[in-house]
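Just so you know, the protein sequences line up as chains L and S, in that order. 343 is the number that the numbering used here gives to position 297 of the first sequence; each next residue is one higher, with no gaps. 63 is the number that the numbering used here gives to position 17 of the second sequence; each next residue is one higher, with no gaps.
Incorrect hints may appear among the rest.
You can't tell identical chains apart in this list, so a pair holds if it fits in one copy or across any two.
[What the hints assert, rightly or not] Mimicking DSS-like on lysine-lysine, the simulated pairs with C-alpha atoms at most 25 Å apart in a straight line are:
#1 Lys-226 <-> Lys-252
#2 Lys-402 <-> Lys-252
#3 Lys-92 <-> Lys-403
#4 Lys-403 <-> Lys-230
#5 Lys-496 <-> Lys-190
#6 Lys-403 <-> Lys-496
#7 Lys-403 <-> Lys-455
#8 Lys-230 <-> Lys-196
Think of the hints as simulated: they come from the structure by calculation, not from any bench.
The lines below spell out each chain.
There are 2 protein chains.
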Amino acid sequence: MGSIHDVALENNNVACQPNPLDPEEFRRQSHMMVDFIADYYHNVDKYPVLSQVSPGYLRECLPDSAPNHAEPIEAILQDVRNHIIPGITHWQSPNYYAYFPSSGSIAGFLGEMLSVGFNVVGFNWMSSPAATELETIVMDWLGKILNLPKQFLFSGGGGGVLQGTTCEAILCTVTAARDKVLNKIGRDRIGDLVVYCSDQTHCALKKAAQIAGIHPDNIRALQTRRSDAFGLCPETLRSALADDVSEGLVPLYLCATVGTTSSTAVDPLRGLCEVAAEHDIWVHIDAAYAGSACICPEFRHFIDGVEGANSFSFNAHKWFFTTLDCCCMWVKEPQHLVNALSTNPEYLRNNATESKKVVDYKDWQIALSRRFRSLKLWMVLRSYGVANLRNSIRSHVNMAELFEELVTKDERFEVVVPRNFSMVCFRLRPPLGGLSARDCGLETTNAITKRLLDAVNATGKVFVTHAVVGGVYLIRFAVGSPLTEERHVRSAWMVVREQAEALLAEFKVHPVMQEQADAVLTQAVHG
Amino acid sequence: MGSIHDVALENNNVACQPNPLDPEEFRRQSHMMVDFIADYYHNVDKYPVLSQVSPGYLRECLPDSAPNHAEPIEAILQDVRNHIIPGITHWQSPNYYAYFPSSGSIAGFLGEMLSVGFNVVGFNWMSSPAATELETIVMDWLGKILNLPKQFLFSGGGGGVLQGTTCEAILCTVTAARDKVLNKIGRDRIGDLVVYCSDQTHCALKKAAQIAGIHPDNIRALQTRRSDAFGLCPETLRSALADDVSEGLVPLYLCATVGTTSSTAVDPLRGLCEVAAEHDIWVHIDAAYAGSACICPEFRHFIDGVEGANSFSFNAHKWFFTTLDCCCMWVKEPQHLVNALSTNPEYLRNNATESKKVVDYKDWQIALSRRFRSLKLWMVLRSYGVANLRNSIRSHVNMAELFEELVTKDERFEVVVPRNFSMVCFRLRPPLGGLSARDCGLETTNAITKRLLDAVNATGKVFVTHAVVGGVYLIRFAVGSPLTEERHVRSAWMVVREQAEALLAEFKVHPVMQEQADAVLTQAVHG
Chain L
47 MGSIHDVALE
57 NNNVACQPNP
67 LDPEEFRRQS
77 HMMVDFIADY
87 YHNVDKYPVL
97 SQVSPGYLRE
107 CLPDSAPNHA
117 EPIEAILQDV
127 RNHIIPGITH
137 WQSPNYYAYF
147 PSSGSIAGFL
157 GEMLSVGFNV
167 VGFNWMSSPA
177 ATELETIVMD
187 WLGKILNLPK
197 QFLFSGGGGG
207 VLQGTTCEAI
217 LCTVTAARDK
227 VLNKIGRDRI
237 GDLVVYCSDQ
247 THCALKKAAQ
257 IAGIHPDNIR
267 ALQTRRSDAF
277 GLCPETLRSA
287 LADDVSEGLV
297 PLYLCATVGT
307 TSSTAVDPLR
317 GLCEVAAEHD
327 IWVHIDAAYA
337 GSACICPEFR
347 HFIDGVEGAN
357 SFSFNAHKWF
367 FTTLDCCCMW
377 VKEPQHLVNA
387 LSTNPEYLRN
397 NATESKKVVD
407 YKDWQIALSR
417 RFRSLKLWMV
427 LRSYGVANLR
437 NSIRSHVNMA
447 ELFEELVTKD
457 ERFEVVVPRN
467 FSMVCFRLRP
477 PLGGLSARDC
487 GLETTNAITK
497 RLLDAVNATG
507 KVFVTHAVVG
517 GVYLIRFAVG
527 SPLTEERHVR
537 SAWMVVREQA
547 EALLAEFKVH
557 PVMQEQADAV
567 LTQAVHG
Chain S
47 MGSIHDVALE
57 NNNVACQPNP
67 LDPEEFRRQS
77 HMMVDFIADY
87 YHNVDKYPVL
97 SQVSPGYLRE
107 CLPDSAPNHA
117 EPIEAILQDV
127 RNHIIPGITH
137 WQSPNYYAYF
147 PSSGSIAGFL
157 GEMLSVGFNV
167 VGFNWMSSPA
177 ATELETIVMD
187 WLGKILNLPK
197 QFLFSGGGGG
207 VLQGTTCEAI
217 LCTVTAARDK
227 VLNKIGRDRI
237 GDLVVYCSDQ
247 THCALKKAAQ
257 IAGIHPDNIR
267 ALQTRRSDAF
277 GLCPETLRSA
287 LADDVSEGLV
297 PLYLCATVGT
307 TSSTAVDPLR
317 GLCEVAAEHD
327 IWVHIDAAYA
337 GSACICPEFR
347 HFIDGVEGAN
357 SFSFNAHKWF
367 FTTLDCCCMW
377 VKEPQHLVNA
387 LSTNPEYLRN
397 NATESKKVVD
407 YKDWQIALSR
417 RFRSLKLWMV
427 LRSYGVANLR
437 NSIRSHVNMA
447 ELFEELVTKD
457 ERFEVVVPRN
467 FSMVCFRLRP
477 PLGGLSARDC
487 GLETTNAITK
497 RLLDAVNATG
507 KVFVTHAVVG
517 GVYLIRFAVG
527 SPLTEERHVR
537 SAWMVVREQA
547 EALLAEFKVH
557 PVMQEQADAV
567 LTQAVHG
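Full structure from sequences and hints, please.
See the structure below:
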């Protein structure tokens with residue numbers, strides 16, 4: 047903190063300092079940053095995919111407080127190289143197969159640059175008409191590519207909006223559904239509302255419902271079965287609805303999923319929407335990952351039945367090249383969003399809004415402020431064109447097929463659930479190595495597959511993550527990083543195989559050494 | 047939608063298409079975009095600040111659907127020039143004085159580029175350790191610059207987090223406060239919880255409280271008075287709390303503001319926190335705009351009393367050069383956020399989280415996914431240094447002082463409320479032109495000041511917005527766009543004066559033409 051003397055000294059310099067947005071300095075430094083990032087992409091396959099640092103590593107590299115005086119960009123970039131990059135898990139690496147992809151592209155990057163460059167705050171139409179209008183146009187474009195029913199498009203009385211994430215999309219629609227019902231039955235009954243999903247639904251649903259004040263006991267994660275490929279059976283929903291109604295509760299909302307996080311399972315939309323309609327509950331379809339695939343005619347059938355839903359969303363930042371964050375959401379009746387989320391303070395009143403000829407997107411989302419996200423979606427659609435975008439999706443699916451084939455051909459492994467899109471779920475197939483079938487129960491196989499996952503990730507050559515489905519621990523291999531090519535997938539398979547060989551070798555013990563084998567097994571299972 | 051034949055055709059091209067993240071193509075196109083944006087900054091003062099387009103203009107310029115084939119970046123940039131820029135309200139223009147500033151800078155832009163380039167999804171520590179660790183470090187740096195009490199820093203048991211916007215910050219803290227109380231008194235009492243603010247508080251509070259399921263009747267916008275400079279009087283709060291408690295309701299949360307949107311009024315934090323403590327309610331301090339100024343020792347007193355609050359936030363994207371979006375929030379007890387917002391699905395389990403040695407920011411916010419926002423804050427702090435940042439704030443305040451002086455010296459105008467930071471609230475001073483004092487009641491003066499605002503904005507040379515405080519319609523002149531210099535402020539004043547002269551000339555009628563004068567007045571007031 048400065049003394050009064052410092053303040054006076056600083057004040058003398060007010061006029062001399064460079065403008066923080068000086069165009070020529072902007073040009074110089076931004077060109078430098080472009081080269082830095084281009085070089086990063088050249089080298090990204092050489093870094094350990096999963097960062098290998100330990101908790102607290104960065105506090106040891108950086109000072110305890112911000113500098114008082116300006117530092118040159120060169121020094122900052124040096125620190126990025128030395129201290130930040132080692133702490134990054136490289137989602138843009140061609141060897142990244144974890145979670146779901148975070149899909150960057152040149153067009154997505156340029157769209158963000160332009161959005162950040164303009165730096166407009168498009169909460170209402172007037173604050174930057176192009177920001178609102180481009181979003182309505184691009185959401186109609188994308189809705190048509192997905193062959194969404196006309197009621198979801200602006201041209202059909204509905205409309206699309208860009209949220210940051212699926213969590214926000216779900217929170218907005220739960221809130222809209224909630225207020226629609228409470229306005230009828232009375233605010234005091236908030237504790238009676240019930241929200242439905244499956245035990246495979248993303249945790250965003252539970253979190254959003256809780257934020258919206260739904261009683262935690264009233265969030266039903268309905269059980270799925272292997273025999274339904276972990277999709278939610280409409281009869282299960284029907285029975286849950288009947289139970290709740292008989293208890294005097296009020297069914298509110300169903301979140302159905304196309305492409306679950308654990309295993310890319312697909313809920314049967316048509317059947318679920320029919321059951322939901324019997325109780326007039328809001329149906330939201332979360333196609334966060336798999337929605338992108340549905341731009342291909344051969345995958346479109348996965349969202350058949352969407353016409354029965356109230357809202358639909360997918361994350362263009364996952365598998366549609368826009369960079370984080372860009373969740374595309376459509377609703378049939380925007381008025382329910384507006385009723386629940388609008389604010390009309392005096393300081394935002396303006397003639398355009400009062401003319402009722404414009405969309406004010408602040409009333410379709412949680413926050414007031416919003417970035418000009420549609421630029422990146424527009425640039426992706428134009429820079430690549432629909433045909434190339436479909437082909438990119440297909441090339442990822444083809445690579446996943448290749449990996450699936452490699453897994454299937456190796457008898458030490460098995461594919462756990464059918465592959466729908468570009469993700470393969472696999473595990474070690476019992477019996478393992480020299481272990482007897484008796485020793486290879488579910489717990490053991492799970493524990494050893496987890497050890498395989500850790501070993502693969504520790505190589506730094508590949509990053510994969512896991513899920514547990516129907517009690518089975520599986521490794522998820524999700525293809526979708528833009529830089530991934532067939533050769534990377536083949537290398538990844540080599541890494542998995544090598545690590546599995548090393549691991550299984552531990553169990554190739556001679557029968558007389560059974561005691562030692564037991565010890566190894568105990569270690570494997572209990573860590 | 048393609049036929050099967052098309053699909054086959056497209057499939058043949060899978061291998062030939064360029065990689066969407068090809069480093070050399072990335073370099074080429076990104077350099078082009080840098081130059082495009084640098085040129086935009088060179089010319090931004092030449093565009094009408096407030097976009098002059100009409101609703102629906104863009105649908106007439108763009109095709110009805112996305113292109114099937116790729117288009118070159120040159121064609122897209124041409125469309126940005128021809129169709130997007132005319133529809134932009136130029137928040138980066140030096141002649142922008144509306145709402146609050148959206149403060150861009152070279153460092154903020156570079157930080158975003160880097161964040162988008164890495165495109166990591168930092169929901170938990172493991173997903174990119176640097177993203178989490180840099181955020182904890184930079185939030186401690188910034189907390190120290192603001193001289194926040196140690197309990198708000200990680201080094202003191204609290205901690206900071208970057209939210210997108212203040213709306214999110216408020217929603218997260220309302221939810222945390224809500225669950226803390228409901229876990230004690232029972233979930234069924236959600237309808238009894240009461241949230242407090244003043245009639246000057248930003249609409250984000252009401253929206254967040256409603257999303258969180260607080261009964262709309264239980265949001266108290268307590269009246270402020272001109273005699274308190276529109277700050278919330280602690281006695282008003284005390285009395286409201288007592289009333290609610292006597293009704294059996296449960297006081298939950300107070301949002302106090304430092305620098306209100308309408309007039310940059312400041313609530314007396316110390317007194318409010320003392321009253322709030324009597325009922326153990328959560329106090330959040332929203333310093334969205336004015337928090338940035340508090341890095342200067344001479345403005346720090348405006349947040350005196352923050353030590354009594356539970357959480358504090360300000361928007362670095364408003365007046366701290368980070369570009370949208372970057373809301374800095376600190377809490378004393380992060381555990382309450384985690385209790386309300388955490389999710390622990392199997393597919394996110396990992397060894398680092400289980401070691402309990404790391405922060406997983408997904409549990410401090412609404413969404414799961416999160417961008418690497420701390421990069422831009424870090425780059426702003428290092429590129430400029432604390433001394434320059436203070437001086438930038440001061441130069442904006444100095445320019446606002448200058449404008450205030452110009453307004454004060456002209457007897458046709460008056461400053462409506464005392465200026466605290468870099469915003470001047472002014473209006474036409476009655477009596478206006480040739481009108482009698484009798485004719486210049488509040489309604490008339492308000493209506494004519496609104497006409498002045500519309501006339502000023504219609505020139506395209508300046509963009510200002512309005513508020514109504516204590517019934518008085520006023521024009522807000524908020525300095526803070528990075529490119530604004532003293533000469534721009536002087537020009538803006540000339541525009542205001544010229545438009546006022548033209549407007550007031552309408553009322554300089556001869557007494558015998560009283561009928562005509564009445565007609566003009568009616569037109570002025572009723573549009």
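- Item | Identical-chain pair category, Lys-403 with Lys-455, by Cα at 25 Å | neither (61 Å within a copy, 41 Å between copies)
- Query: 25 Å Cα cut-off: does Lys-496 pair with Lys-190 within a copy, between copies, both or neither?
  - Reply: neither (42 Å within a copy, 43 Å between copies)
- Query: Between the shortest in-copy and the shortest cross-copy C-alpha distance, which are at most 25 Å for Lys-402 and Lys-252: within, between, both, or neither?
  - Reply: The answer is between: 23 Å across copies meets 25 Å, while 35 Å in one copy does not.
- Task: Go through the copies and call it for Lys-226 and Lys-252: within, between, both or neither, with a Cα cutoff of 25 Å.
- Result: both (20 Å within a copy, 18 Å between copies)
- Quick one: Lys-403 to Lys-496, C-alpha cut-off 25 Å, is that within a copy, between copies, both, or neither? Cα proximity of Lys-403 and Lys-496: across copies only (21 Å, versus 57 Å in one copy).
- Query: Can you tell me if Lys-230 and Lys-196 fall within 25 Å by alpha carbon in one copy, between copies, both or neither?
  - Reply: Neither: 28 Å inside a chain and 48 Å across chains, both beyond 25 Å.
- Message: Within a copy, between copies, both or neither: which one fits Lys-403 and Lys-230 at a CA-CA cutoff of 25 Å?
- Response: neither (28 Å within a copy, 48 Å between copies)
- Intra- versus inter-copy proximity for Lys-403 and Lys-92 (alpha-carbon distance at most 25 Å): neither (53 Å within a copy, 28 Å between copies)
Hints 3, 4, 5, 7 and 8, counting from the list given before, are not met by this structure.
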